[in-house]
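Enquirer: The primary structure of each chain is shown beneath.
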Amino acid sequence: MTATPVNESSVRGTDVDLNTPEQPDLPGGLARLGPGSRYALISTLGYVASLAIFGVLVAVKGAEPISVYHTIIASTLLNGDALQQTALRAIPIGLAALAVAVPARAGLINVGGEGQLIMGAVAATGIGVAAVPGALSWAAMCVSGALAGALWAALSGVLRTWLGASEAVTTLLLNFIANDVMLYLIYQAWKDPNGSGQPQSRPLAHVAQLPKMFGSQLNIGVLIALVVVAVTWFLLQRTGWGFQLRVVGGNTEAARRAGLRVNSLLLSSMVVGGALAGLGGALNLAGVETQLRPDITLTFGYVAFLASFLGRHQPVKVVGAALLFSAVALSGNGLQITDGLDGTIVDILLALIVAVPLVVAKYRRRAA
Amino acid sequence: MNGVEQTLIGGVSGGTAILLPALGELIGERAGVINLGTEGAMLAGALGAYAMTESSGVIWYGIIAGMLAGAVVGLAHSWITVRRGGDQIASGLLLWFLALGVTSVFGTEFVGTAITPLSNIAIPGLHSIPWVGVILFDQNILVYAGYVLVAVIWFVFYRTRVGLILRATGERPEVVAATGGKPQLVQIVAVTIGACLGGLGGAQLSIGYVGNWFNDMTSGYGFVAVAVVLFAAWRPVRVLGGAYLFGIVLAAASVLQAHGVSVNQYLLDALPYLVTLLALAVFARRGRSETPEALTRSLSRSG
Amino acid sequence: MSQRFHRLSRVLALAVVGLLAAACSSTGSSSAGDSGSAKTMVGFVMVGSTSDYGYNQAVYTASQQLAKDIPSVNVITADHVPENNAVTQTMQSMVNKGAKVIFASSYGYYAYAEKFAAAHPDVIVLHQGGFETGKFSPNFGTYWGQAYEPVSLGGMAAGGLTKTNKLGFVYAFPISQTIANIDAFELGARSVNPQAQTYLVNTSNWCDPLKQKEAAAALLSEGVDVLSQHQDCQTTVIQTAKAAGKYVVGYHYDAKSLDPSGWLTGSAWDWTPVYEAITKVALSGSFTGSKYNANWVGSFADNDNPLTLASFGSSVPSDLQSKITAEQTALKKPGASVFTGPITCQDGSTLVAAGKTMTYDEVNNISCLVKGVVGTLPKS
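Residue numbers (the numbering used here), protein chains in the order written: chain A, -3 to 364; chain B, 991 to 1293; chain C, 16 to 395.
Here chain A stands alone, though its shape is the one from the complex:
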C-alpha cells in the first residue's frame, strides 16, 4: 500500500472497519465487474489454482491430493494441540512480520527479521541466564530482547539515513552476522557446562520462564503479543507518528517539503520494528524454548517477511498471515505422518500461497 501516493482514503483507512458499504458482487459477466470485484474473483481463482498446483505436485509424489487437503485441515484447524502450537509459533513470526510492516509504512524494506529475532533471543538469554532469577526475570528478558532487536535494526536505519545504504541489503547482511554471533555464544562463550556437549546455553530457571496459562501449552507470551499487536495497530493508525510514517512512505520529497523530519521518522520506524522482532525472539525463548539453541527461529524471519507482505503490512492482517504460515508449517507433520510426503513440501505450499498476491498485484492496484 505504501507504493501508492498518499491520498485521503489510504491515510485514514483502517483495517478493522468492516462496515463500509460494498458494491454488489459478481453482477453477471466478467466484463461488467467493477475492478474491486474482479480483483476478488481473480484472487480467489489464484488461490484455487495454487491449491490445485499443490495437488498435482503431491499426486506426482504419490500421495492422494484430496487426502492431503484433508490432512492439512485436520492436523491444523481441527486439533486443539495443533491450534495452540500454531499460536505459539505465530508469536515470533507475527512480531517479526510487524517488524517488516512498521518500516514498510515509511517505505523501508526490513529483510532483517531473522537477525532481529536472533538478537532478541540472544539478549534475553544473556539476561535470563546471568541475572539472579526472580519473579520478573521474564519481564527483564522481554525488555532486553526488544532493546537488542531495536539496536540491531537501528544499525541498518543509521546506515540508511546517514549514509544512504539500502536497508533492504544491510538488514539481510546483518541476519548472517547475527547468526554467527549466536553460534559463537552457543558453541563457545555461553555453552552449557552441564549440556553433555550439546550446543546450547544454560537453561532458564523455572521462574525466569513465561508463566503458562490455564494449564494449557499457551504461555502469557500470547497475551503480551496480542497487547503489542494492538498497540502497534494504534500507533500506526491512530497517532500522528503513524500518520507521518505513511506520509513519508507515500512521498518522501513531499514529506520533507512539508517539514517532516524524515530521517528521524525512518530511523524510528526501524527501531520500533526491530524492537517488535526482538521481543518476538525473547518471547519465543522465554516461553517456548527456554534455552538458546542454533535453530530455534530458523527461517522464521523470512517467513515473517512474506507474512507481512501477504497481510499488506497492516497489523491485523499481518498477524492473520503469520497464523496462516504457522499453520502451514505445522501441517507438514500431518502430511508426512499420514500421507508419507517429504517434510520440505510445506516450503512449496507456502511459496504457492504468497505467489497469488504477487501475481494479482496489478488488479489490486486497479481496485484501489
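Hints may be right or wrong, so weigh each one.
As the list claims (entries may be wrong) - Mimicking EDC-like on lysine to aspartate or glutamate, the simulated pairs with C-alpha atoms at most 20 Å apart in a straight line are:
hint : chain 1 : residue 1 : chain 2 : residue 2
1    : A       : K208      : C       : E129
2    : C       : K306      : C       : D137
3    : C       : K306      : C       : E147
4    : A       : K57       : B       : E1099
5    : C       : K112      : A       : E60
6    : A       : K187      : C       : E147
7    : C       : K112      : A       : D77
8    : A       : K208      : A       : D77
9    : C       : K348      : C       : D319
10   : C       : K115      : A       : D77
11   : C       : K295      : C       : D84
12   : C       : K347      : C       : D285
13   : C       : K150      : C       : D137
14   : C       : K130      : A       : D77
15   : A       : K187      : C       : E377
16   : C       : K257      : B       : E1044
17   : C       : K348      : C       : D317
18   : C       : K130      : A       : D188
19   : C       : K130      : A       : D291
20   : C       : K306      : C       : E291
21   : C       : K386      : C       : D362
22   : C       : K257      : B       : D1128
23   : C       : K150      : C       : E377
24   : C       : K306      : C       : D376
25   : C       : K150      : A       : D188
26   : C       : K257      : C       : D269
27   : A       : K187      : C       : D376
28   : A       : K358      : B       : E1164
Don't read these hints as lab results, they were simulated from the structure.
All of these numbers come straight from a predicted model, not from anything done at the bench.
Chain A is already provided as a structure; the job is to place chains B and C on it using the hints.
Expert: Below, chains B and C without anything else, positioned relative to chain A:
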C-alpha cells in the same frame, strides 16, 4: 604447492560459484530489478545440472540444464515483478522457498550418487606463466567462462547500444519507453539471463567443483552473490574482485587451519558479510551515483 | 482499504470453504490406513532427508526394517524436522495419530524429547545420542553407541596406509562427540604408525559441499594423504580424495562403491537391532526400570555397538585388515577401551593416566585434543 597458492586456487574455483550468480545479479540490477531468488536459481541450477549430467552422462547437457533451470526461476521472477507488478523482495524470497522445496523433494534420488566433476583444462602457454599460471589458467571451463563473461559484460555495458539501453532502463525506464524502447522487455530479458548465470553458478558448485548434489547445498551463497554486487558498486570488474575475495576468505580459513593455525571460525564466517557492510557504509555516498535509479526506487518502497 | 480487506477475507473464506469441502468429501478414504487393528504405532522423528546417504537414512532404513521384522508394529516417520520446538509438535502429532513409542533421532532433540516424555507418561520416548545426567522419567531413555570405537579402527587403516604420515579430518563444530572421534582416529592411527598426525579443518556447517571441498583441498595441499570427516554428508570429501588419488575413511554409511580403491574403511550405522530390542521391551510393557529406561550405550564389548566397521577397500593389505579385526576383537574384552592411558593432550597435560580408562560419560564430555592432532579447537 604452498598455502598461499592453494588459497588462491581454491579462492578462484570456489569464488566462481559466487562470481557467476553475482554477474547475473549485476545484469538484473543494472536493469533495475533485485533478485533475492538468486539463491533459488543457484539451487535449481545445481540440481538441474547434476540431474542431467548424472542421467545423460554428458556434462555439457548438464551445464545447459543448469542454465535453463536457473532461467526458469528468472523468468518467474521477472514475470511476477515486471509484468505483474509484484514486490521484488517478496518475489525473490518466495522463489527461494519454492526452489528449496522443489529441489529437496525432487532431488532426493540423486543424493549419495557422484559424478566426476568438470576436469581442469590447462591453457597452453598461459598455464606455464610462473605462479599465476596454476592459479588462473589451470581451471575448469566454468572458471574460464567467468573471465570471459566479466569481459563481455563490461564491453556490453559500456561499449554497446544494448548496454546503454540496459543501463538506461535501470535508471529511467519511463525515458526508455518514451523514446520507443521496451523497458519491460529489457528487464525481463536481463533478469532471465541473470538467473541463467545464477543457475550456471549452481552448476559450478554441483558438477564443476564437488561432483555431487545435496539438499540446500548452496548454503546461502546466492545471498553472498547479491552482497557482492553491492560491494562492487555495480561494476563488472569489481564484481570479479569481490567474488574472488569471498572465495579466498573461504579457502584461507581451510588452508590456515590445515597449516595448524587456529582461526575463529565464527568471526571468519561473518567476515564476508561484515566486509560488505563496511564497504556499503564507506562507499554508500560515493556509490550512490552508480546505483541504478530504478533499483533505488524499487528498493525504497515495498508492498 | 476496508473494502479490500473485506474482499481479502472473503477470498480466504472461500479458500477455506473449498478446503473443508474437499476435506469432508474424503474422510472416508483417508482414515483407512491408520486404524490398523491392534498394531502398536512407533514414530521416528528425523532432522534431515530420509535419503541423505548418511545419519538420517540409517535411521529411516532401520525403522522400515523394524516394521518388517515385528509384524505387530506400525511405523510412522517424519523428516526435515528442525531442532526447535517444531519437534514437540511433531511428536504430539504422532501421539494424536496413536503412537505409543517415539524415537527422537537427532542430537538436538534431546531437551524436547525429555520434556515431552515428562508430559506424556503414557508414551515411551527415546532419544538418540543424548545423555541424561539427572533423573529419568519412567517412560524416557537415551541410546547411543561408543561411536569412537569403529572410528579408531578407521584411524588404524589410515595410519597404516599413509605415506606422508599426515591424516586430514574435516569436522563441523567442536562438540564432544566430534572431539572424541578426532581423538580416537588419531589414537588408532598412532597405534600402528607412531609418526601419524591428524590435521583438522572445521567448516561451521554440517553439510556445505563448497566448504568441504576447500577443506579437503587445503588438507591435501598440506601433504595429507588420507581424509576422514565428521559431517552429515560425505560425498564431497570422498570425491576430492578420489580425484587426487588419495585415501578416504568414511563415516555414517559404507560408501565404498564411490571409490573402491581409495576407500579404506569407515564407520556405518546399523540401528535395526537396537530399535527392535527397545521396541520389544516397550511392547512387553516392561520398559520402566529396564536397561533402556536409562542411558543405554552400545559397545563392542557388549557386541551391540550400533556404529559398525564398514567394509575394507581394495587398497588395505590383508595383514593390516587382520590387525584391525584383531583390535576389534580386543576391544570386545570387558574393560577394554580406546581411551586407556597413558594418553596426553596436545598441551602435554594428562588426559588419561597410565592404567586408567575413561568412562563413557567422561568421553562424552571430552574437550582436549590428544597429542598428534595438529590444529586447535576454538577456545571456549
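Enquirer: Each hint: holds or not?
Expert: Each hint tested on the structure:
no.	hint	result
1	K208/A x E129/C	19 Å, holds
2	K306/C x D137/C	19 Å, holds
3	K306/C x E147/C	13 Å, holds
4	K57/A x E1099/B	12 Å, holds
5	K112/C x E60/A	18 Å, holds
6	K187/A x E147/C	17 Å, holds
7	K112/C x D77/A	12 Å, holds
8	K208/A x D77/A	15 Å, holds
9	K348/C x D319/C	13 Å, holds
10	K115/C x D77/A	17 Å, holds
11	K295/C x D84/C	11 Å, holds
12	K347/C x D285/C	18 Å, holds
13	K150/C x D137/C	18 Å, holds
14	K130/C x D77/A	16 Å, holds
15	K187/A x E377/C	17 Å, holds
16	K257/C x E1044/B	18 Å, holds
17	K348/C x D317/C	9 Å, holds
18	K130/C x D188/A	18 Å, holds
19	K130/C x D291/A	18 Å, holds
20	K306/C x E291/C	14 Å, holds
21	K386/C x D362/C	8 Å, holds
22	K257/C x D1128/B	19 Å, holds
23	K150/C x E377/C	18 Å, holds
24	K306/C x D376/C	16 Å, holds
25	K150/C x D188/A	18 Å, holds
26	K257/C x D269/C	15 Å, holds
27	K187/A x D376/C	18 Å, holds
28	K358/A x E1164/B	18 Å, holds
Hint compliance for this structure: no hint is broken.
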